[in-house]
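With the hints as your guide, set chain D onto chain A.
As they're listed, the protein sequences go chains A and D. Residue numbers for the first sequence follow the working numbering, so the first one is 9 and each next one is one higher. Residue numbers for the second sequence follow the working numbering, so the first one is 21 and each next one is one higher.
Hints listed in this document are in silico derivations from the structure and should not be mistaken for laboratory results. The C-beta atom is built at its ideal place from N, Cα and C for all residues, glycine as well. You can take every hint at face value.
Counterexamples of contact, computed for chain A against chain D with all Cβ distances above 12 Å:
1) E239
2) N248
3) L269
4) M357
5) H433
6) P510
Short, incomplete list of chain D residues facing chain A, as computed with Cβ under 8 Å:
7) V39
8) L43
9) L50
10) F57
11) G62
12) L65
13) L66
14) M74
Here are the in silico distance ranges between beta carbons for each label pair:
15) G202/A / V110/D: 26 to 32 Å
16) V110/D / G204/A: 29 to 35 Å
17) L132/D / F179/A: 39 to 45 Å
18) N12/A / A101/D: 30 to 36 Å
19) G79/D / S425/A: 56 to 62 Å
20) V111/D / A84/A: 38 to 44 Å
21) G65/A / F54/D: 33 to 39 Å
22) L264/A / V81/D: 25 to 31 Å
23) F54/D / Q511/A: 44 to 50 Å
24) A84/A / S83/D: 35 to 41 Å
25) F237/A / A101/D: 32 to 38 Å
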Amino acid sequence: MEVNGQLALTVLMGVFLIAVAAWLARVEDWRSYTPLAGGGTVGGTAEQYVSEEKPSGVIRWLTTVDHKDIGILYGAYALVAFAVGGLMVVVMRIELADPASTVISNTFYNSLLTSHGITMLFLFGTPIIAAFSNYFIPLLIGADDMAFPRINAIAFWLLPPAALLIWAGFFPIPDVIPAQTAWTMYTPLSAGAGSGNQMNAGVDLMLLGLHLSGVSATMGSINFIATIFTERDEKVSWANLDIFSWTVLTQSGLILFAFPLLGSAILMLLLDRNFGTMFFSVDGGAILWQHLFWFFGHPEVYILVLPPMGIVSLVLPRFAGRRLFGFKFVVYSTLAIGVLSFGVWAHHMFATGIDPRLRASFMAVSLAIAIPSAVKTFNWITTMWNGKIRLTTPMLFCIGFVSNFILGGVTGVFLASIPVDLILHDTYYVVGHFHYIVMGAIAFAGFAGIYYWFPIYTGRMYQVTLGKWHFWLSMIGTNVTFFAMILLGYGGMPRRYATYLPQFATLHQIATVGALILLAGQIIFVWNFVQSWLEGRKVEDGDPWGLAEENLVTAEWTWFERKLQTAVTDGGEEEELATDGGNPVADADAESAADDE
Amino acid sequence: MDEAPGLSDQYRTASPWPVFIALGIPISELGLLFGLFPLAVGGLLLFGGSVVGMLSESGYVNSTMWASVVFSVLLFAFGSALAFTEVNLVVRGYATIAAAALLVVGGVVFELFVREQRDAF
Chain A
9 MEVNGQLALT VLMGVFLIAV AAWLARVEDW RSYTPLAGGG TVGGTAEQYV
59 SEEKPSGVIR WLTTVDHKDI GILYGAYALV AFAVGGLMVV VMRIELADPA
109 STVISNTFYN SLLTSHGITM LFLFGTPIIA AFSNYFIPLL IGADDMAFPR
159 INAIAFWLLP PAALLIWAGF FPIPDVIPAQ TAWTMYTPLS AGAGSGNQMN
209 AGVDLMLLGL HLSGVSATMG SINFIATIFT ERDEKVSWAN LDIFSWTVLT
259 QSGLILFAFP LLGSAILMLL LDRNFGTMFF SVDGGAILWQ HLFWFFGHPE
309 VYILVLPPMG IVSLVLPRFA GRRLFGFKFV VYSTLAIGVL SFGVWAHHMF
359 ATGIDPRLRA SFMAVSLAIA IPSAVKTFNW ITTMWNGKIR LTTPMLFCIG
409 FVSNFILGGV TGVFLASIPV DLILHDTYYV VGHFHYIVMG AIAFAGFAGI
459 YYWFPIYTGR MYQVTLGKWH FWLSMIGTNV TFFAMILLGY GGMPRRYATY
509 LPQFATLHQI ATVGALILLA GQIIFVWNFV QSWLEGRKVE DGDPWGLAEE
559 NLVTAEWTWF ERKLQTAVTD GGEEEELATD GGNPVADADA ESAADDE
Chain D
21 MDEAPGLSDQ YRTASPWPVF IALGIPISEL GLLFGLFPLA VGGLLLFGGS
71 VVGMLSESGY VNSTMWASVV FSVLLFAFGS ALAFTEVNLV VRGYATIAAA
121 ALLVVGGVVF ELFVREQRDA F
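So that you can see chain A by itself, here it is in the shape it has in the complex (with noise of 0.2 Å):
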């Protein structure tokens, strides 16, 4: 039986292997290398002048790599995996409407919990803001493209393997069940020890996956710093480099030192879980794998929450009428958060019985990191303040950020502060806190971003009524459901939990009623998302926003600007003819003035 699973496997691996071959024979069509062999002549040139860019169909966005295309996969797979974490999560607050265990079971709400977390960090947060950041970046500094073209592609192509080996437990593939060990992988449980079903090779699977996303991370972020230090066109100085630019650098920064550690880690798990390694079952490992976990995981909040901010930092004063107020100190709270995110991790352990003398450091530089942050925040108050503020779907994304921000960021400081951390550890006041920043700002300023842009990647303008039902179901179904859960942090409500007891129904049950309220504004967002895109008003004018106006204009719309002039001479875009005087004449009549001729 062995044998023939092996035997299978070869075979299997094999077919691969030559269907791999031939389709890259075909594309890459060596023979094509020996002129005389493809029937042309040495220093013939029909056959050999080649105008277009990229091939068509499917091998196009196979092989490509052109920063805007990959910008667009980026963002194609991370709406995706919004979507996959976003279906999971309401599965889970429809169970959690009522105190038992009724719609699923409790193994498979830790499931959900585990691969939720994991989709909407790993799968949806970091490549969303790939794709923004691969779009627009180039554009934004006047480079031709990435640094590192082909790494970029590489960088992308390992995400969607990523995916699968993270959701493989769903699967159904025979004897392997899907991680329960929360996104924060805590051993021993992660480790497997005990009698529990955590030594599945499910969890494995997740464990790969999720090294195989932070590789592609480390690429990009590698490719990004490279990009922004070298290929910065010769009128972009780091005086007015732009404020996206910085937060995306400074958080490829934080890449590079906190992702390699999360994949030496989960390799030590790896270890640990297949090869008889001990790194977290002696005494103090589990307590290691806290410091090396969060070591990672707190710069990785601002991995996530620093590019948002710097998208909203781009778009809030363009639809304010004014330049961002305090610019550079928006760019110094940027650098401050960056370096001040590897001081502050032990803040999620202090309820471990760490040394207090520990404990009392951490907190303070978790203080501290108030101060930046309120930096950015009373900035971009300031930015609106007594502006010609207009209340377009991208504008209201941002000003939604801010609030969320707010309510998220001071949630937080009470956090920092370890007598009061003690008390609401584990409870849902820390998700309703932590998910008014990834959902209330960090989702909202993609959104922004997406409807902001979304004239350039698509050619057309979304539906504005609709993105307006998006923007407020969507803030009203993120307070509801995360201000819910801080009241029931406050109540005792432990988190993780796919029961509870009866007194907690009530909050549970309108919280419940707020993820519904989402979910209605994301098919809604879907919707508009997919028919503007395929069937949207065409823009015709590269300043769709009127940004020219009040001067506010960026170099990615004088790209798209010229883009659609080039389009229009090339012939690439329909076109109205037009006689001597100006005036549009309908294609009828300027064929019977051609025969004329």
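Coordinates of chain D only, in the frame set by chain A:
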């Protein structure tokens, strides 16, 4: 461009290799972690071959054969470390060494056959 181009030459913004590098990594990881010999060999071969392909496409190396030899030396070293030291992961080590050997064969065949064909014309 003075030859009728393949994909890499024809299109500035396309390359067939990244997607296979990205597939080679998880396949070889799965093979090595779970000790699945065929997956480990195939994955490493896919990864190594694609890296060599990408390096020669982008002009970082001149000889495909020598690039694959260098890569297989690295694989051989890693495989030997697994198989012949105290680590003692014999199956995984041999899988890596097998991949190294096949990669050299692939590089040589490419050099002899495909290059030969090019030069013939």
